[in-house]
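Residue numbers (this note's numbering): 1 to 68.
Quick caveat, the hints were computed from the structure, so don't treat them as lab data.
Keep in mind that the hints are not guaranteed to be accurate.
Here are the in silico distance ranges between beta carbons for each label pair [unchecked claim]:
#1 E44 <-> M1: 27 to 35 Å
#2 L24 <-> Y60: 27 to 35 Å
#3 P21 <-> M1: 25 to 33 Å
#4 G29 <-> T61: 12 to 20 Å
#5 K13 <-> V59: 18 to 26 Å
#6 E54 <-> P21: 29 to 37 Å
Beta carbons: idealized from backbone N, C-alpha and C, even for Gly.
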Amino acid sequence: MAWTWRYETEYGKNLEDGALPSELFSSRGDAESWLGETWRDLVEGGASRVTLLEDEHPVYTMSLDDPA
């Protein structure tokens with residue numbers, strides 16, 4: 001199984017920006033830990049939300065908006 005993140009606008013449009021990282025993870029936990037460390041960089045790169053994909057199948061979507 002391969003785990004990846006899909007970056008999206010606040011309205012769910014996929015971002016195909018080559019500047020955003022295209023990481024591939026061997027476990028869900030690794031993918032989620034990575035996101036916890038880099039989400040601010042993704043926001044700066046234009047992402048408003050992300051969808052976790054398991055072998056290209058959506059698992060869940062979450063907002064990257066800072067609640068503060």
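Would you say the C-beta atoms of E54 and P21 sit inside 29 to 37 Å of each other?
For P21 against E54, whose Cβ atoms are near 18 Å apart, the range 29 to 37 Å is violated.
Verdict for K13, V59 (Cβ pair) under range 18 to 26 Å
Holds - the Cβ-Cβ distance for K13 and V59, about 19 Å, lies within 18 to 26 Å.
Is the hinted range of 25 to 33 Å satisfied by the C-beta distance from P21 to M1?
19 Å, violated
Mind checking the hinted window 27 to 35 Å against the Cβ distance between L24 and Y60?
Between L24 and Y60, where Cβ atoms are some 18 Å apart, the hint is violated.
Can you let me know if the beta-carbon spacing of E44 and M1 is within 27 to 35 Å?
29 Å, holds
Falls inside 12 to 20 Å, the C-beta gap from G29 to T61?
18 Å, holds
Hint compliance for this structure: hints 2, 3, 6 are broken, all remaining hints hold.
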